[in-house]
Structures are given as C-alpha cells and as structure tokens.
Amino acid sequence: MAEQLDVAFDFGASSSTYQEKYGFFDPENYAFKSKKGLNHEIVEEISWMKNEPDWMREFRHRSLDIFYKKPMPQWGGNLNEIDFNDIYYFVRAAEKQGRNWDEVPADIKNTFDKLGIPEAEQKFLSGVGAQYESEVVYHSVKDSLTKQGVIFTDTDSALKEHPDLFKKYFGTIIPPADNKFAALNSAVWSGGSFIYVPPGVHVDMPLQAYFRINTQNMGQFERTLIIVDEGAFVHYVEGCTAPTYSSNSLHSAVVEILVMKGGRARYTTIQNWSSNVYNLVTKRTVAHQDATMEWVDANLGSKLTMKYPSIYLTGKGAHGEVLSVAMAGKGQHQDTGGKAIHAAPHTTSQIISKSISKDGGRTSYRGLLQVYPGAEGSKSKVQCDALLLDEHSRSDTYPYIDVQENDVTIGHEASVSKIGEEQLFYLTSRGLTDNEASAMIVNGFIEPLAKELPMEFAVELNRLINLQMEGSVG
Amino acid sequence: MAHDLEIRDLHVEVEGKEIIKGVNLTIDKGQVHAVMGPNGSGKSTLANTLLGHPHYIVTQGDILYKGQSVLEMKPDERSRAGMFLAFQYPHSVSGVTVANFLRTALNAKRKTTMNGNFKPIAIPEFRKMMREKMAMLKLDDSFATRYLNEGFSGGEKKRAEILQMAILQPEIAILDETDSGLDIDGVRIVSEGVNSLQGPNLGILIITHYQRILNFIKPDFVHVLVKGKIAVEGGPELALKLEEQGYEWVLKETV
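These protein sequence lines are chains X and U, in that order. Each number in this note's numbering comes from the position in the first sequence (counting from 1) with 133 added on. Each number in this note's numbering comes from the position in the second sequence (counting from 1) with 364 added on.
Please keep in mind that the hints were generated in silico from the structure rather than gathered at the bench. For clarity, every value in this text was computed on a predicted model and none was experimentally measured. Just so it is clear, CB atoms sit at the ideal spot from N, CA and C, and this is done for glycine as well. Treat the hints with care, as some may be off.
Which residues of chain U face chain X? A few of them, derived with a C-beta cut under 8 Å, are [unchecked claim]:
no.: 1; residue: 439
no.: 2; residue: 443
no.: 3; residue: 460
Here are some chain U residues pointing at chain X (derived, C-beta under 8 Å) [unchecked claim]:
no.: 4; residue: 415
no.: 5; residue: 417
no.: 6; residue: 421
no.: 7; residue: 449
no.: 8; residue: 454
no.: 9; residue: 468
no.: 10; residue: 528
no.: 11; residue: 532
Construct all of the structure, not just a fragment, from the sequences and the given hints.
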C-alpha cells in the first residue's frame, strides 16, 4: 500500500508545460560545431577530432557506405521527410569532460540542474553520465564500484582506455549492416555509455545517463555498450529531452548489451524528446545461459519513434522481458514494441506493451516472436493493450510470430479500450477535472509497468504523463 | 435563507425524450429524504442530473445549491462544492488503488475548500482517517490496496461508494439505489455507514425502488416519483404503505 499511496496522482505539481520545463535552450558557446551535412569528410572529421585508431576510422567509413546503399525503410513510420543534409552531425559543447559539476560550463550545468540530474545523482544513483549534443560533458561513478572493477564511462573514453574489451564486443551485437540507422550511427557515433560489470558484482543503485539536445537541426548518435559478466547485475537508466523547435532533429542511437551466464541487466528508458525529434534507435541484447534481460521502455516524446528492444536468447534457460509504454499525442507516432528470439532450449520471454493515443496521435505495436528449431520447452507471452482517448487517435498492432519448434508454449493477447463517458462522469463526480480523471485512468492503465520502476522513476513517469494530459481533453 | 438543495420545476431530457417533467423538491442539511418510485419513473435520471451528467439535458427549471444555480457547473465543480452521488453501478478503474483514488479525490476537494492555502493531506493523517472509515464499513485494511471497483462484489462496490462519501464529507449526498443487489446483511452494513455520517451538516436524498433500506435509514420525508413527476409526498408512513400495497394505487391516483 505504502508504495502506491506515495506515488499518488500529484496533479498541479506539473502545471508547467513541456516548453517551460524541458523546451528551453541555451546560447551556443561551443568548442566545435561541424558543418551541416553527411559525407565522408564529416566522418573523417569526427574521427580526427576524437583522435581515434585507424580501425575505428575505417569502420566509420565502411558504415557510411552501407548507409548509402540501404534504402529508406518504408514499413513503419514516415521517414521520408528527414533531410540528412540539413543536420549537424557533430557538436562539441565543452573542451573537456567534468568529473564534478563545477568543471562543466555554467550554461550546461544550469541545464542539467533544471532537469534535476545532480540532485538525483546525490539521492539514488550509483553513477551518472550527462551527454550534451555529441559528447558526454560530465561523468561520475561511485568509488566503491570502481574498486570492485566496474567500468562506467562514456564510449569515446572507453575506446581509448579499454581498447581490448571495446574491440572485442563493439559492433558484434548490432553490426552496421543490421539496418540503415544502425549503419548511420556506426558512421557518425559519438558519446553514449560504456559499462562493464565484473563477475558476481551486483550494482545496487542504478547507473543513469541523460541525453540532451540543445541545437536546432541537431543529430545525436550515441553508442552504448554494456557487458554484464557472469552472475553480475546492473540497472541502467536513460532519460532525454530537447528544446522545442520548428525544424526537426534526429536522434539515432545504437545500444548493444551482452549478459553472460547467470547475469542480469535491466535497461530503463524514459524517452521525453520534444515533438520535433525523430527517434530511431536500435537496441539489442544477447543473453547467455540462465541470463536475464529486462527492457523497460517508456516513450512519451518525439515526433516519430521507431524502436523495438530485442533479446536474443542464445543460452539455455535465458529469460527476457520487454515492458513497453508508449504515449502519442498530436502529431506524434510511436512505432514501438519488442522482439524475443528463442535460439536455445527452455528459454522464456514476455513482452508487455501498453500504448495510449490522444489528440490524433498514433501508436503502433510492432513485435517479433521467433522460436528456432531446437529451442524446445521455450515459453513466451505477448500482451499488448491500447487505450484510445478520443475518436481521432489511432492504434495498430503488428505482431509477427515465427515458431519453428513444436514443443513450445506461446500466448498472445491484445486489447483496445477507450475512455468512456460514464467512467469520466464517475471520476469527475468525485471532484476531479476532466483532465485529472483522464490522467488517472491513463496512469492506472500503465500501473502494471510503473510498479516495475524504482520509486523515483515511477514518480517521474507519472509526472510526465500528467504533463502530457494537461489541456488535452475537453 | 436559501435551502441547501432546491429543485425547481425541473424538466430533463435524455436523447430528446423528456424523462423528468416538472419536479420540485427541497432538501436541507440534517434531513433525510427518500424518493421512491417504480421502474422507469425517472429516479436515476434525477440522480444523474443533480451531479451534471452530460447526457441529461435540463430543458426547464433549475437546481439551486445553497441558493446558487448549479446548471452551469461541471460535475467536478458540483462535487467540490459539496454534492455527492453514490452510484448505482460504480465504474472500475484498473491500476488505481482505492487508497490512491480517495487521496486524490480528497486533495482535489481540499484545493477548492482551502482556496489559496491548499496543502495535500499528510499521508499518516490520511491513512488514519481511511482506516477508521473502512473499519466502520467492515472493510479490512487490504481493501485500500485493491484497484477501484475491479473485481469487487456487489456489496463491496456499494460499501466503496459510502467509503468515498465518508472521506469526501459532502453536505448533500444522493444515494442512487444503494440497496440494490445487496443481501440483508449488506443493506445493514451500508445503512449503518450512512447513519454514522448523518448529522446537522449532511442532507441525504435516498433514491430507491424498495422500502427495505428505509428500515435502516429513517427518512423524514418520502416523495413518490411517477412518470417524471412527484405524485405523492408524505412522512415515513408513506414508505410502509408502498411496501404493503405496491405502486398500483399511486399509479391509479395519478392517471
């Protein structure tokens, strides 16, 4: 009881708009800003600015060629309006990375203060990385973790400081040729998090990364690599916001995760981009024997999100979960879901998706459940529930299922519901406004997922949903 | 002085059809009124109209709460002003616990009553209050953690309604068929809950088909609604007469 009571629907606490709370921007006082446009010179420039080894420079050029060759995907959201030559691919905001917040330029520190990052770091995090434009401007991890051999750093630094570990795994889980946007990220990647958790080490409090875009027409391409060794555990959380501009920005990340035997990783995203950001992200985990991977993926912001966190269950007894929440308002399309690939016996997976559409917004659940021959005794459950707040909004379901093994247990459920007038009358007759009543129904709808989050993030998710709900019904 | 609730020549349409055809009724705090009537007489329409259900259109007359017309007020405004409706068929809200719902509703009301000095109720204070009210309704503590009306039995739903009333402390409460679907023990528990809330600061309007609940909650006034109009009025003895003789004689008299 205590738990939900304390996360009560705190209406009024979020009376500011996205614009006021997240949509502000800082003056540009940058160390370096590339010219707009995508070509081999830009790729060369990024690699040179970062003083990278040849193999990485070559990897980038090769990836750009793959990007050029691949056609634009037409099966999901509308990507045809992205002008790749109208984007800044690399912006260095600060000359050097801060290890404490005083070393971060004042404007940027001020931004992260407003977003509450230093405060959260003090209270309930084991470590924080803060990326501003293309690079991580602040990074810190508790000494106790470092002493246990945990590595938590930005991906650029990891390439320099842990070259062997880096090269062994980088690009192995999501190769550049995987899809057009994985190729783009591979060509121009910058920033992101690198995590290694040694065998048996249990990181108690979450590690968090926060991604902030400030420039108009910015492209942010962070690259994250997480390796959880045998029997280890880590919970990584990412948040993101951007100013509201009239022209579009592009965020295209690649996240690769490896969970070794008996290990467990949880990756929580609270995506809150402004509604002019294309969010096209590839996330994938390989889970070895008896390993567990959990994706908790909340998508509230962006113009278009296409993201399907996936889990390759390659070891016997591995377990994977995807909990996905998507909310689409006016002009937004959330094309999200999850993939579970059973490639070993007795593997189990669960994909639960909850989507909310309002004010003409569109949500699509897109998921893949694949069971290879020989993955006997595997079990999977897929459940997708959609909530429509009005007649103009839309929700679709695209569940792809490919099962090539007989001895499996598969469950699939889907539901669509609408907020009814009677239900609203009931709640408003108790003193809640139309918006508060709708927000309560929406928060209740996602409660099965919210309760999976640590308290602080559940509160944050609740607050963001209330913020989105304001002024929407009426 | 203005009455706490005054229904004046009220006419109500639902989907173009007139259901309430000129009702007059006055309720003051400290009083218990019962509106009885056969099926289809307009009882639930009256209840829903008082709280401002958007489907029910007032075409003539007025509803005054403490002398002010509420016709332009939305349901939430009427609620925060002190009106309450215990629903015949309460809706479920998945994922929202009883405790969370009650606290949210109470804070919404406090926002109005405390004006600029609003402070959410402190959690320990709220818990204490909620536990007391739940004990009164013979609901154990775990009830607070269940999702509102989800999987509730008929009796639990009605008790949850009275629990909401106990927490929100309205000045005018309308109970719409609160006894329907309950066995005799259920009626007693709910009635005891209502009785414990009775007092000089609460006016109650019980809407019921059967006299049964009035054995437990004694009305001061009984009004019989037939075909959208008050056909007969009287004291508690009128309810007993209806119980014995049914509605036949009223229907005859009104023809």
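Hints versus structure:
1. For residue 439 of chain U, the interface hint holds, since its Cβ comes within 8 Å of a Cβ in chain X; the closest pair sits about 4 Å apart.
2. Interface hint at residue 443 of chain U: satisfied, since its Cβ lies 4 Å from the closest Cβ of chain X, which is below the 8 Å cut-off.
3. With a cut of 8 Å, the hint placing residue 460 of chain U at the interface with chain X holds, because the nearest CB-to-CB distance is about 4 Å.
4. Nearest Cβ of chain X to the Cβ of residue 415 of chain U: about 5 Å, under the 8 Å cut. The hint holds.
5. With a least beta-carbon distance of about 5 Å to chain X, the hint placing residue 417 of chain U at the interface is held under the 8 Å criterion.
6. For residue 421 of chain U, the suggested interface contact is broken, since its CB lies about 14 Å from the closest CB of chain X, more than 8 Å.
7. Interface hint at residue 449 of chain U: satisfied, since its Cβ lies 5 Å from the closest Cβ of chain X, which is below the 8 Å cut-off.
8. The restraint placing residue 454 of chain U at the interface with chain X holds, with a minimum CB-CB distance near 6 Å, inside the 8 Å limit.
9. With a least beta-carbon distance of about 5 Å to chain X, the hint placing residue 468 of chain U at the interface is held under the 8 Å criterion.
10. Using the Cβ-Cβ criterion of 8 Å, the hint placing residue 528 of chain U at the interface with chain X is satisfied: the shortest such distance is roughly 6 Å.
11. Below 8 Å, beta-carbon pairs count as interface contacts, and residue 532 of chain U has one with chain X at about 7 Å; its hint therefore holds.
Checked against the numbered hints above, the structure violates only hint 6.
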